[in-house]
Amino acid sequence: MLLGAAGMAHAGGDPARGEKLYEDCVACHPIERGVHGIGPTLYGILGRKAGEIADYRYSPALRRSGITWTAEALDTFIADPLASVPANRMPYAGMPDAADRADLIAYLQKVSKSSTP
Amino acid sequence: MATQLKEVDAVIVGLGWTGGIVAKELTQAGLKVVALERGAIRSPEKDFAVPIVRDELRFVVRHDLMQNTARDTLTIRNNPSQAALPMRRLGSFLPGEVVGGSAVHWSGHTWRWTDMEFKIRSMYEERYGKNFIPGDMTVQDWGITYAELEPYYDKFEYTAAVSGKAGNIGGQIQLGGNPFEAPRAREYPLPPLTPILASEMFTQAAKNNGYHPFPRPSANASRAYTNPDGSKFGACQYCGYCQRFGCEANAKGSPLITVIPIAMRNPNFELRTYSWVTRVLKATDGKRVTGVAYTNLLNGEEFEQPAGMVLLCAYAINNVHLMLLSGLGEPYDPVSQKGVIGKNYCYQTGAGATLFFEGRHFNPFMSAGGSNATIDDFNINWDFDRGKHGFVGGYNVAGGFNTALPIGYRPVPRGTPQWGKAWKAGTAKWYQTAMNIGASGSVMANRYNYYDLDPTYRNAFGQPLMRMTFDYKENEHRVGQHAAQVINDIAKSMNPTRLNEATVRTQWTVVPYQSTHNTGGTIMGTNPHDSALNKYLQSWDCHNLFVVGANVFPHNASYNPTGPVGALAYWTADAIKNRYLKNPGPLVPA
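Taken in order, these protein sequences are the chains called A and B.
In this text, residue positions in the first sequence follow the working numbering: the first is 1, and each later residue adds one.
In this text, residue positions in the second sequence follow the working numbering: the first is 1001, and each later residue adds one.
Think of the hints as simulated: they come from the structure by calculation, not from any bench.
Yeah, the Cβ is synthetic: ideal placement off N, Cα and C, and Gly gets one too.
A portion of the hints provided could be inaccurate.
[Said to hold, decoys possible] Some chain B residues flagged as far from chain A (calculated, every beta-carbon gap over 12 Å):
hint : residue
1    : L1005
2    : P1134
3    : N1208
4    : A1224
5    : N1296
6    : K1429
7    : G1462
[Stated by the list, open to error] Distance condition first, Cα-Cα at most 27 Å in a straight line; then the derived DSSO-like pairs of lysine-lysine:
hint : chain 1 : residue 1 : chain 2 : residue 2
8    : B       : K1155     : A       : K20
9    : B       : K1046     : A       : K49
10   : A       : K20       : B       : K1165
All chains, full assembly: derive it from the sequences and hints.
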């Protein structure tokens, strides 16, 4: 698969299944470029620095975190957001299943590469 | 002079659940629709994101999402011999005043009212004889049936992301659901919420006492969900800020994230906020309405908005007020019992116990709006014989939490001082150990419970305030006594360390908060002599006027009202789209 080179955490991730799993996120995180909901857009999230979008109000905890959203960093964060970045403000309990996370990240990666989300 | 605006097909007064539903439905049918909302716009992004939403001062104490009583309020009294006084601060009930209405700050409890309500007089008279219903109890059949409304309940539940467990699908009783509910066509769109310790303990105790507990159906999405219109819901996070707050996770069934954005994307729709409707305009022949007059609250400018159709979709109380202010229909007079506008105002009664278990940790700050288990053995269970107890109606009993506020929720055993060192020690000791069991009881219509225009007090526009005359009558005392007894029996069977027993409410007062379940005033029915609207919520007098909301209920049940409010909004929208537009006129011959 083309995605094989993108990193360990989502090796073999299925973006089609990931798109379905994105239902967990989409009520707050639009996937359209530049459009924010309760959460910031996740378009182009791969490679972005945590807290870097100027027109979204992040928690101080996330801005201070120094995270760059690699596939591995996303995997750790989504598994248990509050344990990963204490005092972040995302009201989401986490996605415990590693295969689910791999699929979700594969989807985010695919969307971020596409120029017309 | 008021500026005359261009005529539109329909004007909607108030944009909450009902206004949002009809706005979406009518614009999709091709109508040009304007909605006038007196409140401001609120958005989940700007107003409900963490940490903004977790502000007890802004949303609870200062009523950010609710009616501003400095501009307009009610006068209140318990009976016609008293002089009514203005309610200067919200208390017993909390009408919404924002785009989304009260459905922004509701808890999401969504029930299906059944034929036990819609055919109340027929069913009680058939079973208990003509003399069972007291002479001053003005209950009457609604003119609609559960079977007619079932598809619309279904539509509303799937729109609003209701989590629950069916108890009766097509006549088959379902394990784990409410065995007394009327048959539904299919399951709820989402499984029940995760139970909390308090609801689990109540469930066990209720079972031990021979009752039939089930998880309360609530528009709190138990997992991420996309509704049939494509509206997206997140999963409820049990954050504990539900009632009186917007939702930080877009998990609460609200018109703000469903029907309203759909209407807003339609070029046929226009929303005007800060627009206070002062009057519905009547045609000279009195058989039609021609539009509404309103004031822009930001600059005082006055407008007249002509429309082919007027839909009153404001809060239940304010719909009735507008009818009275506009001279639509004959005002109700409790002495002669003539007239219909203002008739059959009802509220709800209740009883509640607090149980303290030393050593238990209930974590009351973690709950959804619907985090409780409920029993309907004394509510929609027709096998429960009211004859022995001498009351009409009933009550449901629930154990659990809803919005146990970090500052406001301070359970202590009775007898604990209400301030000072001893109170501090008490609240620290007992906070984690307490759970509640509460009942919500029906209120039957009574000839002396009603609305009219106040003779003395006026609002900011110089118009008479609406006067509410209400008190609990003997029937409600009996419902409350029975409920308190059942609650206390269940509570004692759980062996709490301490118990604040449930007591009956006797006289109604406007404080503290009880429930935002005000019903009646422009009731639906079978004929124009004893009701204001026909079964399609169409005015008997003016066929192009529809009045939607709990103000159409001829009496109030034990259940929260939003299920039938939403279902009836869809029902009315369908009647307009499929019948009225093709042949404008009365949908039911008078």
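Q. Hint numbers the structure violates, sorted upward?
A. 4
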